[in-house]
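Residue numbers (the working numbering), protein chains in the order written: chain E, -9 to 237; chain C, 25 to 226.
Keep in mind that the hints were calculated from the coordinates and are not lab data. Take these hints with a grain of salt, some might be off.
Stated by the list, open to error - Label pairs and their in silico Cβ distance ranges:
1. C:E90 <-> E:S146: 33 to 43 Å
2. E:R156 <-> C:T73: 25 to 35 Å
3. E:W175 <-> C:R33: 37 to 47 Å
4. E:T6 <-> C:P48: 44 to 54 Å
5. E:S146 <-> C:S85: 32 to 42 Å
6. C:D54 <-> E:R156: 40 to 50 Å
7. E:A103 <-> C:E93: 47 to 57 Å
8. E:A218 <-> C:T37: 21 to 31 Å
9. E:D155 <-> C:H66: 46 to 56 Å
10. E:T1 <-> C:D131: 23 to 33 Å
11. E:P223 <-> C:E90: 38 to 48 Å
12. C:E200 <-> E:Q87: 39 to 49 Å
Claimed, not checked - Under 7 Å between C-beta atoms, here's a sample of chain C residues computed to sit facing chain E:
13. G49
14. T67
15. F161
16. A164
Please read all numbers here as calculations on a predicted model, not as lab measurements. Just so you know, even glycine gets a beta-carbon here, dropped at the ideal spot from N, CA and C.
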Amino acid sequence: MEGTAVPRRLTWDVATVTAVTRETPSVRTIGLDVPSWPGHRAGQHLDVRLTAEDGYSAERSYSIASAADDPVAITVERLDDGEVSPYLTEELRTGDQLEIRGPVGGYFVWEAADGGPLLLVGGGSGIVPLRAIVRQREHSGSDVPVRLLYSARTASELIYRDELDRRQDGVEIIYTLTREQPAGWTGYTRRVDRALLAETAWPAGKNPLAFACGPTSFVETVAEGLVALGYEPGRIKTERFGGTGGR
Amino acid sequence: MSPISRGFRRRHTVPDGAADRVPPGQYVTDGFPVLSAGPTPHTPLEEWTFSVRRGSATLKSWTWQEFQELPAETVTVDIHCVTRWSKLDTEWRGVSVDTLLDQAGHDAGYIMEFSDGGYTTNLPLADVTGGKAWVAFSYAGAPLEPEHGGPARMLVPHLYFWKSAKWVRGLELMDEDRPGFWETYGYNMYGDPWKEQRYQGD
């Protein structure tokens, strides 16, 4: 678990919304124009600050959905009991301004030099930083082989479906829909567990680099499953969310 | 001047009488979210030790059994995570760091907490002595769950919770401050929630 220090103070900057794209009924991707953005690496996140007319403000962190050389974008899932996510997914419009600072986090990141093979395992909106990694690989011309295992409850909850279905050399996308499957579904239909990982993940002997992101119980299951399959614990990077009742 | 988000308004409320217990930028949750950078380690208790080190020297080490025989305290504290949740009135049982350092030695300006899985976090010695920090092995009256840091984790409730290392296995005494795991990745060297010291330079 070694890292490189980046001594830099993070300041709040005004970002302008360039696009709001509907990904699923409850998920939006928000494109942001940030003139002073210092650049980011795939997998990092940023902080958003909203200020109300009465001066109340709230901050939350969101995974960056874009590759390093893409314009900054975040993908946000509406949480019914949330404070910031309902506004971002339902009220925000192109041209609106909000404050952001970042990028934040330097561990759950991937650059071409980090190599692979890559195993990406996403649950629900945990796909967001993994999508940034897949795009990063494509943009950097890397030929690192990728397996992306993506679990959602229903087909309508799959984020980035069209983009993921565009075939890309060296990237295998494996879906599992755990609650409901459309007619003719050929993907998996069960929750990600050790058995499903054994069927779909790179063998440990290939010394894969794994990234898992999703709700806590999902990530816990994936990380433990991969360790049981012989993955090196130091090559399993996790990002967990959910249950905070506050995004 | 911050731009105003028209139509945005407060939804989270602070529990009655708790306004002065919630640091700026935090919201109160009843849940207990889990955040960690890698897999949850599972060290068998018969292999578990807690050590106080200085450089390459181990000043003192306790087995799980010996650790359980140390005087323990029950404390009820508020905890604050840098990801912006705070949880009020959490009840822990553990051994005060004072008790450990009284046996091992105090001669240091800073300490590094170190854990199974390679996690580390740094803080001034003065922030873990004087009744401010514990090595906790029980939460809400039950053994600490692995995903929350069991069998034992640090509890330094006056700082952001990443300073309370899960799966802790010991403390390294240091003359000078060095960044730990998250501190290397841009998080604050000290992490005072009341000053919102989230990231480097805050």
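Results for each hint:
| no. | hint | result |
| --- | --- | --- |
| 1 | C:E90 <-> E:S146: 33 to 43 Å | violated (56 Å) |
| 2 | E:R156 <-> C:T73: 25 to 35 Å | violated (52 Å) |
| 3 | E:W175 <-> C:R33: 37 to 47 Å | holds (42 Å) |
| 4 | E:T6 <-> C:P48: 44 to 54 Å | violated (26 Å) |
| 5 | E:S146 <-> C:S85: 32 to 42 Å | violated (55 Å) |
| 6 | C:D54 <-> E:R156: 40 to 50 Å | holds (42 Å) |
| 7 | E:A103 <-> C:E93: 47 to 57 Å | holds (50 Å) |
| 8 | E:A218 <-> C:T37: 21 to 31 Å | violated (43 Å) |
| 9 | E:D155 <-> C:H66: 46 to 56 Å | violated (38 Å) |
| 10 | E:T1 <-> C:D131: 23 to 33 Å | violated (39 Å) |
| 11 | E:P223 <-> C:E90: 38 to 48 Å | violated (27 Å) |
| 12 | C:E200 <-> E:Q87: 39 to 49 Å | holds (43 Å) |
| 13 | G49 | holds (6 Å) |
| 14 | T67 | violated (12 Å) |
| 15 | F161 | violated (20 Å) |
| 16 | A164 | violated (16 Å) |
In the structure shown, a violation is registered for the earlier hints numbered 1, 2, 4, 5, 8, 9, 10, 11, 14, 15 and 16, in ascending order.
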